[in-house]
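Here are the chains, one letter per residue:
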Amino acid sequence: MDIKLIHDLSPQQLKAGFWKTIDGFFFATYWYLQKPKAYDFVLDVARKGGLKKAFGINENILYIHGSDRIVETENKSEDRVFLRPPLISLREAICFNPDVIQVMDLPLSAGDNEDRICEKLAINRDIVLDYDKWLVENKFRSSNRYKDGLPKFSAFMLLGVCHGDTAETYAEEASFMKRYCEVIGIPMAGLLVQKRGVSVKTRYDYALHVLNKVLEVVGSTRVVQLMGFGLSDITEAPRFLKLAKKYDATLWFESSTIIRNSTHARKILSLNVKNPSRLEYVNISRVKGAEKFSTLDVFRENNKILKNILNQTSLELDG
Amino acid sequence: MGEEITEPSEILRKTRVEVMPYLREIAEHSRAIIPRMEVSKRWIDYYEALSKVRPLTEKEKRRLEEHRKAYNLLEARREIYRAAGRYARTKKVPDLLSLRLAQRKYYAAKAEMLPPEKAKGFGEKFVPPKELYERLRKVQEEIRAKCKSYKEAKYRLVPITTATRRARMKTLGAELRDLYVEAYDLTQRGKSVSGLIEHYKEMKKMGAE
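From first to last, the protein sequence lines are chains A and B. Under the working numbering, the first residue of the first sequence carries the number 1, and numbering increases by one thereafter. Under the working numbering, the first residue of the second sequence carries the number 320, and numbering increases by one thereafter.
Hints are computed from structural coordinates only; laboratory data are not their basis. Any given hint could be a false lead.
Here are a few chain B residues that face chain A, going by a calculated C-beta distance under 8 Å [stated by the list, open to error]: (1) P413; (2) R419; (3) L420; (4) Q422; (5) F445; (6) P447; (7) Y452.
Chain A stretches covered by chain B per the calculated footprint, using a threshold of three residues with CB under 8 Å from any CB of chain B [stated by the list, open to error]: (8) 35 to 45; (9) 89 to 97; (10) 142 to 156; (11) 216 to 230.
In this text, a Cβ means the ideal position worked out from N, Cα and C, and glycines have one as well.
Start from the sequences and build out the full structure, keeping to the hints where you can.
Structure below.
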């Protein structure tokens with residue numbers, strides 16, 4: 001069993017050194033795509049030999065390059081969806097020279113009927129096939145494959161995102177993705193979003209049910225990335241670790257809550273004085289010795305604490 | 320404590336003597352990695368020792384760089400073989416990750432071995448054309464502007480009174496759709512969205528998973 005914390009970092013944060021002392025980071029396209037000089041940025045990074053070299057990032061830090069997501073527009077309607085041609089996105093990702101490339105995907109929405117869901121899943125599968133084919137044609141992957149479908153040589157790993165309306169659909173998508181992708185992504189944010197009348201426990205129960213179904217298919221042969229799973233409720237972490245231990249799985253958490261609390265709110269993960277069994281994010285002004293912490297200090301401290309909690313929990317599970 | 324050699328000719332002689340057995344090994348096994356690494360390592364040591372005696376010439380600097388690149392490439396290749404062997408035995412995720420990372424490093428090391436003019440093309444070859452970014456930005460802005468008026472029409476609180484505005488609203492949806500199609504089709508080589516669905520249905524009929 002292996003657990004990694006992947007943080008969603010911006011170019012400014014990369015420049016400021018947020019990448020030090022972390023397992024890996026996720027770099028999304030929206031940081032530069034909507035800027036007027038997007039082309040210049042991409043060209044500059046390509047000339048320097050990739051994002052890691054351009055920002056002087058250590059080679060051992062895992063770098064996941066994201067794909068296009070919904071573009072923020074002034075209104076919040078369905079018309080916000082704006083995707084580029086997938087292969088153009090792939091070409092651009094290659095210029096950044098990442099370790100893992102996220103395959104572009106169409107997310108499901110609440111109003112989709114069964115036909116629409118099938119169409120979207122079909123498109124997602126075709127994009128995965130197109131990515132794989134393009135990489136083979138351009139000699140980034142070998143056509144020679146292992147029995148389980150993965151190529152014997154690949155300069156980049158692929159992250160295939162599994163969508164679905166039921167837990168079984170997620171599992172079915174995962175069984176397809178695992179033939180082409182080294183990392184299987186499950187979008188968790190939608191499963192855990194606050195809904196009226198549905199308790200936190202019920203939401204987490206369902207998320208665990210989905211993860212269980214996927215791990216039944218994937219097991220310990222592929223990495224499972226919980227996308228948008230911010231670890232906002234740390235008390236639920238042991239349940240995920242227990243499940244990972246059962247299948248000897250490798251889980252990557254996208255711990256967006258840390259970034260949000262560190263950079264925007266300047267809150268540190270600490271024990272509640274009145275209720276010592278409870279962990280929560282507290283403003284630095286209320287934590288002794290942390291009053292003068294910079295954003296970077298807060299982030300590093302939170303990352304360290306969370307990593308320690310996860311390690312300790314997994315050790316307790318072993319014991 | 321051993322006395323350090325300071326004569327360039329003596330360092331060269333020592334290096335040649337040390338390299339000789341590895342060259343014999345390479346002659347016997349042409350694909351051997353470790354002897355090649357040892358040879359590169361000896362020559363790197365030679366140039367580094369020489370640089371302490373006198374400044375290196377341009378040619379010597381170039382040779383040192385070549386040996387360094389070759390050493391990195393060979394090291395990356397050896398790491399691939401190790402990781403591939405481990406993954407073939409275990410089929411576990413950590414071994415798969417180390418294999419892929421080793422392969423990525425090998426690819427990067429190989430790219431550095433290219434001559435400068437080819438390496439330049441290698442880095443920039445896959446950058447999407449500039450026109451695409453500009454066009455995408457323009458289409459994006461148009462869609463945003465149209466979406467705003469589309470939403471105004473969809474969720475309007477007062478009826479549209481003027482005839483011109485009503486006519487405009489009728490055509491807006493079609494224009495918006497065309498823009499989306501254009502945004503998708505920009506430099507797209509291959510299938511459209513509906514084409515992808517049809518292709519998938521056909522594959523299903525043929526019995527593909």
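Could you tell me which of the numbered hints above are not met by this structure, giving the numbers in increasing order? none
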